[in-house]
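*Asks:* Listed below are the residues making up each chain.
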Amino acid sequence: MAIEVNGKSYDTDEEGYLADLNQWEAEVATAMAQADGTELTDSHWEVINFLREYYEEYQIAPAVRVLTKAIGKKLGKDKGNSKYLYELFPYGPAKQACKYAGLPKPTGCV
Amino acid sequence: MAEPWEDEPEGPVRKFMYVNRRAPYGTIYALESLEVVLIAAAFEQDVTLVFMDDGVFQIKKGQSTEAIGVKNFSPTYRALEGYDVEKLYVSRESLESRGLTTDDLVVPVQVLDKDQLAALMEEQEVILSF
Amino acid sequence: MAMLHTINKSPFERRTLDAALRHAVKGSGILLIEDGVYAAFDGTIVADKVKAAMADHEIYVLGPDVSARGMSEEHVINGVKIVDYDGFVDLVTQYDKVQSWL
Chain A
1 MAIEVNGKSY DTDEEGYLAD LNQWEAEVAT AMAQADGTEL TDSHWEVINF
51 LREYYEEYQI APAVRVLTKA IGKKLGKDKG NSKYLYELFP YGPAKQACKY
101 AGLPKPTGCV
Chain B
1001 MAEPWEDEPE GPVRKFMYVN RRAPYGTIYA LESLEVVLIA AAFEQDVTLV
1051 FMDDGVFQIK KGQSTEAIGV KNFSPTYRAL EGYDVEKLYV SRESLESRGL
1101 TTDDLVVPVQ VLDKDQLAAL MEEQEVILSF
Chain C
2001 MAMLHTINKS PFERRTLDAA LRHAVKGSGI LLIEDGVYAA FDGTIVADKV
2051 KAAMADHEIY VLGPDVSARG MSEEHVINGV KIVDYDGFVD LVTQYDKVQS
2101 WL
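Protein chains in written order, with my numbering: chain A, 1 to 110; chain B, 1001 to 1130; chain C, 2001 to 2102.
Same shape as in the complex, but just chain A:
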């Protein structure tokens, strides 16, 4: 599978996750979100960028619980809770945000 963004094609797996993390560009995230009917705001980007940094450091996508805790530590307690993250990413913060960030599906994610 693949998605087209600005005339460029990006390979994805069958669930729409980017095949090659290094191919990621901000436009890819925007296009993926658009396809889901979501307009990305600064709050979305905060989480997406956080996920990319997390992956860069640990080479995995975090589980929801870990993401929530880490976001709270980094961006403040008001953002470090599941409700906030689910409102931003209604399909599930780990799954949906990871996808936009170009990360593979988190381990242990159901």
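Hints are computed from structural coordinates only; laboratory data are not their basis. Fair warning: this is a prediction, and the values are worked out from it, not measured in the lab. No false leads were mixed into what you were given.
Subject to a maximum C-alpha distance of 30 angstroms in a straight line, what follows is the list of computed DSS-like cross-link-like pairs (lysine-lysine): (1) B:Lys1061 x B:Lys1015; (2) B:Lys1114 x C:Lys2049; (3) B:Lys1060 x B:Lys1015; (4) B:Lys1071 x A:Lys95; (5) A:Lys95 x B:Lys1087.
Got chain A sorted already, so can you dock chains B and C onto it with the hints?
*Replies:* Okay, now just chains B and C, sitting in the frame of chain A:
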């Protein structure tokens, strides 16, 4: 039905020990173990990791796998703390016979003698060996 | 000409290195690859065995497998030669035949 952001009722928590005895890249065991550990941790189980025999090589600092075309998963061991997996033990004998010290390792560990490891194993409810 | 023996198993876990050394005639080469590279490092319980074998054999270790495992030249026993993939190919052509111990 609960909203997705509400915590699910807590299930039983068991004491899981993962015994890692293989070097990281020659076989798939080390990576498989790490994935299973992350899953158990995501389900908030009481997780203990033991690195013994060649398993101590899994957490050797400075791994650089670019030239062999395999993903370097050693940074992931440093993510375990965020998963509340903080009980990491290393066999003293295994470390010493391989010329390593705790300074060579990517994560803080507790070094145990074989008798201490044996006692720790006896305390577990589930032991998975890789 | 001589034979090149490649060993890809950890000397701490398997007896592959011992078996190879026992059956390698003087002048044959030993190339450590994959988990076999753990035999090439100094300060371990197998280092003396490898040093002793150097009297009869040229011993090589594959560099990319060394760095993958978080080791570097400074850990490698003095006299063990580090080769890259091109060097691996050169060895295969330089020696008569290859025995890949598994």
